[in-house]
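A.B. asks: Now for the letters of each chain:
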Amino acid sequence: MSRSLLRTVAIPLAAVVFGLLIGAVLILSQNASPTAAYSALVVGGLGDADSFLRTLQKATPLIFGGLAVAFAFKAGMFNIGGQGQLLVGAVFAAGVGFGIDGLPIFVHLPAALVAGALAGAVWGGIAGALKATTGAHEVIVTIMLNFVAGNLTDWLSANPWKDNSGNNIVARTPLVEDSATIPTMGAVPVGFILAIVVAVGCWFVLERTTYGFEVRSVGHNRNAAQYSGIKVGWIMASTMAVAGMLAGLGGAVESLGVDGRFEAGVNVGLGFEGITIALLARANPLGVIPAALLVGLMEAGASRMQFKAGVAPELIDVIQALILFFVAAPIIIRWVLRMRADNSEQLQLGAGWGKS
Amino acid sequence: MSEVLLAARNVTKQFPGVLANDDISAQLRPGRILALLGENGAGKSTLVNILFGMYRPDSGEVVIKDEIVDLHGPDDAISRGIGMVHQHFQLVPPMRVVENIVLGAEPSKRGLVDLAEARSRVVELSQRYGLEIDPDALVEDLPVGMQQRVEILKALYREADVLILDEPTGVLTPQEADHLLGVLRELTATGLGIVFITHKLREVLAIADDIVVLRNGRVVGETTPAETNESGLAEMMVGRSVVLRVEKSAAQPADVVLAVDELEVNDDRGHLAVDGLSFEVRAGEVLGIAGVEGNGQRELVEAVTGLRHPLSGTMRINGEEVTNGSARDISKKGVAHIPEDREKHGVISVYSLAENSVLNRYHRSPFSLRGVLRRDVIDRHAEDVVEEFDVRTPSIAVAASSLSGGNKQKLIVGREFSDDIKLLIAAQPTRGIDIGAIEFIHRRILEQRDKGAAVLLVSAELDEILGLSDRIAVLYDGKLMDVLDAQDADRERVGLLMAGITQ
Chain A
1 MSRSLLRTVA IPLAAVVFGL LIGAVLILSQ NASPTAAYSA LVVGGLGDAD SFLRTLQKAT
61 PLIFGGLAVA FAFKAGMFNI GGQGQLLVGA VFAAGVGFGI DGLPIFVHLP AALVAGALAG
121 AVWGGIAGAL KATTGAHEVI VTIMLNFVAG NLTDWLSANP WKDNSGNNIV ARTPLVEDSA
181 TIPTMGAVPV GFILAIVVAV GCWFVLERTT YGFEVRSVGH NRNAAQYSGI KVGWIMASTM
241 AVAGMLAGLG GAVESLGVDG RFEAGVNVGL GFEGITIALL ARANPLGVIP AALLVGLMEA
301 GASRMQFKAG VAPELIDVIQ ALILFFVAAP IIIRWVLRMR ADNSEQLQLG AGWGKS
Chain B
1 MSEVLLAARN VTKQFPGVLA NDDISAQLRP GRILALLGEN GAGKSTLVNI LFGMYRPDSG
61 EVVIKDEIVD LHGPDDAISR GIGMVHQHFQ LVPPMRVVEN IVLGAEPSKR GLVDLAEARS
121 RVVELSQRYG LEIDPDALVE DLPVGMQQRV EILKALYREA DVLILDEPTG VLTPQEADHL
181 LGVLRELTAT GLGIVFITHK LREVLAIADD IVVLRNGRVV GETTPAETNE SGLAEMMVGR
241 SVVLRVEKSA AQPADVVLAV DELEVNDDRG HLAVDGLSFE VRAGEVLGIA GVEGNGQREL
301 VEAVTGLRHP LSGTMRINGE EVTNGSARDI SKKGVAHIPE DREKHGVISV YSLAENSVLN
361 RYHRSPFSLR GVLRRDVIDR HAEDVVEEFD VRTPSIAVAA SSLSGGNKQK LIVGREFSDD
421 IKLLIAAQPT RGIDIGAIEF IHRRILEQRD KGAAVLLVSA ELDEILGLSD RIAVLYDGKL
481 MDVLDAQDAD RERVGLLMAG ITQ
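Line by line, the protein sequences give chains A and B. Numbering-wise (the working numbering), the first sequence opens with residue 1 and increments by one. Numbering-wise (the working numbering), the second sequence opens with residue 1 and increments by one.
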């Protein structure tokens, strides 16, 4: 491992270790054994093929959600709207998934995925376009759009798109057609593979294309970007649309691959976890993959941990919060590890705060 | 009173890979002005940071008021009466002058800030030192010279008896700079000592009592204004003899390249900043725009380069109208732009030199192909720029933030000059950089002229305008006072026009 890579991962890695250590203290305070709890957690997330697949499944939407935040970060924008973008993506993918039948899978499934991606892109794009044209802060707009998305998808799944089979009273859509269901490759869900491919694609776009150069330039120095002839407004709007598209795709994969339908209330929180993932990955699209796998593992193993070691599964949320805390406050870790500050690794958290 | 107010004795400071200070000694006595002179990277800032408690020396001593001290931080230095005015002001723009001055040392009454008391102390202070200021003005509304005065008052409020000023005239107009020098001289009458860091020779000769010249972390000379002159100082600083005046041949003006007609441009606050300007720049000549800063230069340059939309009027480049063109439309016409503020517009500091070297051309062949960057081509281009424009850097992979100001500027100039340019717009092209780099950039600008580019030079340095221009246009309050041929222009005549006075 090269030294610069080591430096890059040192902070997130240390944050995870610190989070787990403090978590161990909390477990002790519940009169449980940390070793038993953590080994149950790992076994629950990695112990056998089933639990490993559950980890992959949990990690999939987290990768998309993490990318949605990380991509926007690169243009200096803070996308808090992953949740709303994911919801509209999930509901429209399900809509296309159950609403049309008689199509072959190689047409129907991509169409449903695209519907979800587009819905997310529109949702993110609205915030980006408002930022570019009126200066409305994307944090505010995306938070508000989360509420709009929540209510819109609740209404869609409770009214026009409601599943009326049997005596269902839940706000949910009918099951999607088989031709719109994401298959598995061997045992591995294709959704996870798609997530990996998309993450690598994001890295390539950001690091290797002229568009990515423009996005990063706007993120680092908007004035210099304008000076060099980049259309800053267009980059802000399009970046948010891409970010929304990524979250929307995550929602689509949930509907088409995991739940088999859209159900109100099922995906709550997934979009917000994207923020944790992106921070842990230090906004690097490739870093999003291990970060999502780690969080996915903890979520997959949480119930076993409760079952075997008698530790409340909410502890996982606490540990995640602690990890996030340490990632966001690297100065604590530097102090403990006696590391020298290095400006190049500083993540521009909320670079747009306070500026229009 | 102390014999020695502030001194460094045999101070050595090593940074990874650089010996920033190598056995440096210098001392300041009461009522005197010590000028620390040296190019960027000579070790001035390191020394001052040691004196101010920001760094601790590896060896050697710091003496404050005849006493060897061990400073643990700036607070230590401040409490011992050292005041520092940084090059980049440490002010809170939306707050009032009085609030800025007392910030961190507010007088209080029953746990609340006693603003009335603060205000009266500030007023008393400004009267005592003859530093007039409106205590109720918002800092963001003040011109740069006044903001600097707030910084000085801030130090005096904390009862400083040593003032350290880091490149204090770098941001000032010639008039403001002259005024500041006068103020500093008066301050020393009260026994205050001043450390004045600069690389401007004229100022050093005008104001210093003692001069210490640094090069490569060492003291290379100690002198006084009486014993030396500009070229003597320049030679000490650079280590070789320097040409202070650029040699240039007569201009060969050809066709009109840039034609500006009745141009009106607003500033950020919506006030008319450029008021009906008309002028032409021809191929093969340098048109210098002289003027006190803030008279519409920035808005003019931004309009001409497509960064700001004009209200009315027209601009043509080689006969084609570009009035509402974008920055990219205009750059496509063969326009190169050295921006006024290199940190804000010129470089992206976290980007590598390679990425910065293609900021204006990454989207074009051969630097990208169908939307994908060609890193190998970009790297080769960056190597060429670094080589040809003498950018001192360990590699093209380092971040631009690691370069000194002069080297950043050379990188920008190299980037902008690597095409065939029709029109060069150079705004404050040598601001805040060292003599060696200034000389280099001046030569390159004239080289472009001789190759047939039209050059629009905007500068607050009157010497630069007089030295490079073939014709000089003087801007005052957004209007052109006059356009002079270079041979008819001298400091005095241009200076009067800059103040808005026509005979």
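I should point out that these hints are in silico values taken from the structure, not numbers from a laboratory. Check before you lean on any hint, since a few could be wrong.
[As the list claims (entries may be wrong)] Partial list, derived from the structure: chain B residues whose beta carbon lies under 7 Å from chain A:
| no. | residue |
| --- | --- |
| 1 | Y55 |
| 2 | I348 |
| 3 | V350 |
| 4 | N360 |
| 5 | S365 |
| 6 | L369 |
Note that the coordinates shown come from a computational prediction; the quantities given were computed from them, not determined experimentally. Idealized CB from N, CA, C, for every residue including glycine.
A.B. asks: Now look at each hint and say whether the structure bears it out.
C.D. replies: These are the hints, each one checked on the structure:
A hinted interface residue such as Y55(B) counts as satisfied when its beta carbon comes closer than 7 Å to some beta carbon of chain A; here the least separation is about 14 Å, so the hint is violated. Given the 7 Å rule on beta carbons, the hint for I348(B) holds: about 5 Å separates it from the nearest Cβ of chain A. At about 5 Å, the closest approach between the beta carbon of V350(B) and any beta carbon in chain A falls short of 7 Å, and the interface hint on this residue holds. Below 7 Å, beta-carbon pairs count as interface contacts, and N360(B) has one with chain A at about 5 Å; its hint therefore holds.
Here the hint on S365(B) is broken, as its CB sits about 11 Å from the closest CB of chain A, past 7 Å. Annotation: L369(B) was flagged as interfacial toward chain A, and the flag is violated, the nearest CB pair being 10 Å apart, outside 7 Å.
Hints 1, 5, 6 from the earlier list are contradicted by this structure; the remaining hints agree with it.
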